[in-house]
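**Q** As a plain string of letters, each chain reads:
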Amino acid sequence: MRLRINPITETPAVKFTLLGIGLLYIALFLVLPVVAVFNEALRKGFGAYFVAISDPIALSAIKLTFITAAIAVPANLIFGVAASWAVAKFDFRGKSFLITLIDLPFSVSPVVSGLVYVLLFGAQGLVGPWLQAHDIQIVFAVPGIVLATIFVTFPFVARELIPLMQEQGTEEEEAARSLGADGWQTFFRVTLPNIKWGLLYGVLLCNARAMGEFGAVSVVSGKIRGLTNTMPLHVEILYNEYNMVAAFAVASLLASLALVTLVAKGLLEWRYGHELGVART
Amino acid sequence: MGRRILSSSIRTFSWRTPSVLPGFGITMGFTLVYLGLLVLLPLAALILKAAGFTWAEFWDVVTAPRALAAYRLSFGAAFIAAAINIVFGVLVAWVLTRYQFPFKRFLDGLVDLPFALPTAVAGIALAALFAPNGWIGSILLPMGIKVAYTPLGVVVALTFIGLPFVVRTVQPVLQDLDKEVEEAAASLGASRAATFRRVILPVILPAAVTGFALAFARAVGEYGSVIFIAGNLPMKSEIVPLLIVIKLEQFDYRGAAAIGTAMLFVAFVLLLIINLLQRWSRNRMGGM
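Heads up: the protein sequence lines correspond to chains A and B, in order. Throughout, our numbering is defined as the position within the first sequence, counted from one, plus 369. Throughout, our numbering is defined as the position within the second sequence, counted from one, plus 247.
Check before you lean on any hint, since a few could be wrong.
Cβ pair distances, simulated, as ranges [to be verified]:
#, chain 1, residue 1, chain 2, residue 2, range
1, A, His643, B, Asn522, 22 to 32 Å
2, A, Leu393, B, Leu480, 24 to 34 Å
3, B, Asn530, A, Asp504, 54 to 64 Å
4, A, Gly389, B, Phe498, 25 to 35 Å
5, A, Arg640, B, Asn522, 52 to 62 Å
6, A, Glu543, B, Arg352, 36 to 46 Å
7, B, Asp499, A, Thr378, 56 to 66 Å
8, A, Leu636, B, Asp499, 45 to 55 Å
These aren't lab readings, by the way, just hints derived from the structure by calculation. For clarity, every value in this text was computed on a predicted model and none was experimentally measured. Cβ coordinates follow ideal geometry from the N, Cα and C atoms, glycine included.
The shape of chain A in the complex, shown without the other chains (with noise of 0.2 Å):
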């Protein structure tokens, strides 16, 4: 008798030919960068790159790059709170268009995203004459990165938040109001327990977003050392001086920031995946 072949799995050698490319690919282009990175950053030993991670300049690229998530996330999780209040507890006409609104920064490029600010608040800008006369200084300085990250980093919350409001429905809240909870009551005591992880897994794709932004960032920060660069720029400026321990060793940094943001995702889906909402589960 012929050797029988479970007829709905592979035979083992289609399937460890699978398994052994599916691993190689995985190895090649997600293992290796940040075992490179981390690498290069150690390269001249751990003397040199603390030296490189304290550097006065790189310092203030970390301060900077915390101030912008400071100001940028805890806006955008207002919105993104308030947009899917607004979009998955109500209906209205037009709700599609608005969700492709909201959507909309993720499909711009980040180039592009920092060129509209240039354009609307830079010397040759729109209203830059005005601000020119009033002495307010958007792009190429603080206030110009804060708003292309805000822009780069938009939808997140509000993405993660939107469908699973929608998939809870209204009822518990409905039930809250005719007990006589007001508004706030409503929402801190009913709606927010409901979307916390969910909230909190929006808050962390967004930060991680908002402190690696290196596109839009660099088209408004006109790049002064010490003033307008965030982690990012300066890693490019060090590497682009082949000063190549400091320029890895900062990146060092970001890719903790981003393994340790996986990390957190990954927890998060694992122990309260069926809180995150259909996409999640």
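Chain A is fixed; fit chain B onto it per the hints.
**A** This is chain B only, laid out in the frame that chain A set:
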């Protein structure tokens, strides 16, 4: 009481269905103002700036030889990268849903790395790997393959950036796929390969194509991960976003706006296509 019923029955004819929940006005108002000021107004500024050109001037700028070469590279490399990812993305999604192996959960999470890793970091890491003296570059060089500082480098960077899309669109479809369908196909005498081609592939195809389109759309506008590994030579290895940056650095704001508007138009078209693909994908999944 009577008046309340009357007023609520009148409101049914308005643009929104009435609700007992409060806060629609303020949240919707805030949403529209925030969206308008931070997204729509700046985008309008871009189009207004480009509108400073006449049609003929605009056309000359967006179809200049250097711009055409940049489109060819950006779209061509984005297409090749998305094509690589549709093949390997389906394969990786299959491996992650169907097989058991050590560190599976870790590797599954790692698939999202290109979303989380800042693009500049990805750019310098890939450049270091694929440089002639890098870990991969030094293996490829004796074979006569140069990746870093060539258009091939652009493909590598865009492949990295687009990696999660196909995996993440196909994975849930494979998870939901009913084993019974495969068993039925097998019991009717289909070989494993035929089952995959005739039963599994048609189900995952819409999701895979959606992932392809998402990866392509992302890759067309990508900047940070590309500029470190591409040679950035005009007409040869210069991507469209870089051309915009160069025009800005030369204070050619209108030229930058014109190319930016062309890119925005492409982004809109891709967004439309992706929405249609997602609808197709959902319809396919609807019966399951």
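**Q** It remains to establish, for every hint, whether it holds in the given structure.
**A** We went through each hint and held it up to the structure:
1. Restraint check, A/His643 to B/Asn522: a C-beta distance of roughly 27 Å satisfies the suggested window 22 to 32 Å.
2. In this structure, A/Leu393 and B/Leu480 meet the distance hint of 24 to 34 Å, their C-beta atoms being roughly 31 Å apart.
3. A hinted range of 54 to 64 Å holds for the C-beta pair B/Asn530 and A/Asp504, which are about 57 Å apart.
4. Restraint check, A/Gly389 to B/Phe498: a C-beta distance of roughly 53 Å breaks the suggested window 25 to 35 Å.
5. A C-beta distance of roughly 32 Å is found between A/Arg640 and B/Asn522, which places it outside the suggested range of 52 to 62 Å.
6. Taking the beta carbon of each, A/Glu543 and B/Arg352 are about 39 Å apart, inside 36 to 46 Å as hinted.
7. Checked against the given bound of 56 to 66 Å, the beta carbons of B/Asp499 and A/Thr378, roughly 60 Å apart, stay inside it.
8. Hint check: A/Leu636 to B/Asp499, Cβ distance near 48 Å, so the stated range 45 to 55 Å holds.
The structure shown violates the earlier hints numbered 4 and 5.
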